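Undergrad: Position one of the sequence shown corresponds to residue 1 (the numbering used here), numbered consecutively onward.
Just so you know, the hints here were simulated from the structure itself, not pulled from any lab data.
Take the hints with a grain of salt, since some may be wrong.
Stated by the list, open to error - With a Cα cut of at most 16 Å, we get these calculated EDC-like pairs of lysine to aspartate or glutamate:
hint	residue 1	residue 2
1	K453	E443
2	K327	E152
3	K19	E373
4	K279	E432
5	K209	E92
6	K10	E455
7	K235	D116
8	K12	D59
9	K40	E27
10	K19	E43
11	K238	E152
Said to hold, decoys possible - Derived CB-CB ranges, DEER-like:
hint	residue 1	residue 2	range
12	T76	E445	20 to 30 Å
13	G398	E170	42 to 52 Å
14	N395	K351	43 to 53 Å
Bear in mind the structure is a predicted one, so any value in this text is a computation, not a measurement.
Every residue, glycine too, gets a C-beta built ideally from N, C-alpha and C.
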Amino acid sequence: MELPYAESWKIKMVEPVRKSTAEEREEWLKAAHYNVFQLKASEVYIDLLTDSGTGAMSDRQWAAMMTGDESYAGSTSFYELRDTIRRITGFEYVVPTHQGRAAENVLFSHLVHAGDYVPGNSHFDTTKGHIEARKAFAVDCTVDDARNTQLEVPFKGNVDPAKLEKALKEYGDKVPFIIVTITNNTAGGQPVSMQNLREVRALADKYGKRVVFDSARFAENAYFIKTREEGYADKTIKEICREMFDLADTMTMSSKKDGLVNMGGFIATRWEDVYEGCKKFAIPYEGYLTYGGMNGRDMAALAVGLDENTEFDMLHTRIHQVALLGKLLDEYGIPYQRPAGGHAIFVDALKVLTNVPKEEFPAQTLTVELYREAGIRACEIGYILADRDPVTRENRFGGNDFVRLAIPRRVYTDNHIRVIAAALKNVYDRRESINHGVRITWEAELMRHFTVKLEPVK
């Protein structure tokens with residue numbers, strides 16, 4: 001008899017969670033202005049808001065924290081981290097930051113200027129925000145397959161080479177670099193193939209541009225290359241990671257995802273001029289070059305986390321759990337971005353809440369309904385997150401409208417996954433009775449989804 005699948009780790013410490021009543025949740029939603037970011041963690045039963053910084057660290061990581069060197073300059077922990085990053089990526093120069101958006105802030109302060117155009121594959125919220133805050137423009141060159149959520153293709157996160165070349169021709173010297181997000185979060189946690197990375201590299205070389213990887217989930221991307229792309233089945237995750245980064249010039253990293261830590265990030269590059277440019281902004285924005293907003297113990301834990309999460313078994317356990325949620329939603333007929341991504345399931349709200357007009361934000365409405373149903377906090381990755389067009393100030397309704405169910409790493413059991421699926425099924429079963437959504441009563445100019453205030457449309 002074949003043995004059933006089991007996790008590649010065992011539980012050493014537990015944290016209690018509390019269920020709430022429907023009446024409590026209604027009160028809390030109102031107090032939060034129907035923005036789940038404003039809920040207190042104590043008001044949440046299962047928290048799928050993000051996989052960023054919400055994972056559980058290993059015994060090796062906790063042990064490493066005890067030996068963290070807190071020296072302001074020349075920390076031993078920095079050099080341990082730098083050497084680990086060099087080994088995995090091949091990049092010579094490393095600038096630590098306190099998280100991924102800080103890495104973007106430092107790098108873009110050096111490279112992005114007003115009037116620039118930055119082509120890439122579905123820039124995520126902070127990436128687009130840092131570009132637009134500098135009066136530059138993010139140009140989405142994602143493949144059209146990503147728009148069709150029910151299409152089963154293995155690499156829906158890819159850059160469309162034709163769209164990219166058109167942007168490079170049209171904007172010329174106004175393109176400071178090409179950015180590729182691995183995996184493509186906004187498109188549904190979808191991976192980018194090695195072949196596509198080679199195509200991007202070839203276009204970059206043709207037009208004299210450098211390539212930046214937004215690498216928050218690079219290890220998960222390597223997993224999909226190993227399991228889906230011809231010629232990589234027998235390669236290790238670390239070998240695939242090195243091959244990916246050989247096709248880039250620079251990377252930003254939110255270590256709170258595939259670094260398996262609760263805080264941290266970095267920039268790494270093979271170019272000394274990029275490093276020198278980043279140094280000018282890293283010191284005033286983040287801190288000295290050998291800590292950059294992280295404690296020594298944070299860097300020590302990150303060095304271990306990067307090593308652990310570039311091994312197949314760790315990634316397989318994590319991605320198996322995401323796939324389980326997708327399988328359960330398949331059984332219930334609930335549409336999501338197919339195939340299941342690496343860190344989350346992205347429910348297609350436009351196909352679920354067909355009675356809610358786009359102007360009333362179906363994905364945000366579905367997010368509210370899921371919390372109402374069971375105290376499960378998800379995240380809208382759709383029309384509210386897209387912000388307004390920086391020129392016309394109109395809402396951007398052109399993309400997908402997703403509810404992201406982001407699974408924290410090594411935190412929840414498969415039984416929690418089954419609860420999530422059942423709660424979403426209950427909402428799905430009463431979808432025809434949901435005819436109105438929410439309207440905005442207050443919003444920030446950029447990255448409004450974090451603090452937006454909403455009210456139900458009666």
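Undergrad: Can the restraint linking K327 and E152 be considered satisfied, given a maximum Cα separation of 16 Å?
TA: At roughly 14 Å apart (the allowed maximum being 16 Å), E152 and K327 satisfy the hint.
Undergrad: With a cut-off of 16 Å on the C-alpha distance, tell me whether K19 and E373 pass.
TA: Since the Cα atoms of K19 and E373 sit roughly 11 Å apart, the hinted pair holds (cutoff 16 Å).
Undergrad: Holds or violated: are the alpha carbons of K238 and E152 at most 16 Å from each other?
TA: The hint is violated at about 27 Å.
Undergrad: Mind checking the hinted window 42 to 52 Å against the Cβ distance between G398 and E170?
TA: violated, 19 Å
Undergrad: For a C-alpha distance cap of 16 Å, please report whether K235 and D116 respect it.
TA: Given pair K235, D116 is violated - Cα atoms ~39 Å apart, limit 16 Å.
Undergrad: K40 and E27: Cα distance at most 16 Å?
TA: holds, 12 Å
Undergrad: Mind checking the alpha carbons of K453 and E443 for me, to see if they're no more than 16 Å apart?
TA: holds, 6 Å
Undergrad: If you draw a straight line from the CA of K10 to the CA of E455, is it 16 Å or shorter?
TA: Violated: K10 and E455 sit about 43 Å apart, past 16 Å.
Undergrad: Are the Cα atoms of K19 and E43 separated by 16 Å or less?
TA: Distance ~8 Å between K19 and E43 Cα, so the pair holds.
Undergrad: Given a hinted range of 20 to 30 Å, is it respected by the beta-carbon distance of T76 and E445?
TA: Because 43 Å falls outside the window, the suggested range is violated.
Undergrad: Given the hinted pair K12 and D59, is their Cα-Cα distance within 16 Å?
TA: holds, 9 Å
Undergrad: Within a Cα-Cα threshold of 16 Å, do K279 and E432 meet the stated pairing?
TA: violated, 55 Å
Of the numbered hints listed earlier, those contradicted by the structure are 4, 5, 6, 7, 11, 12, 13, 14.
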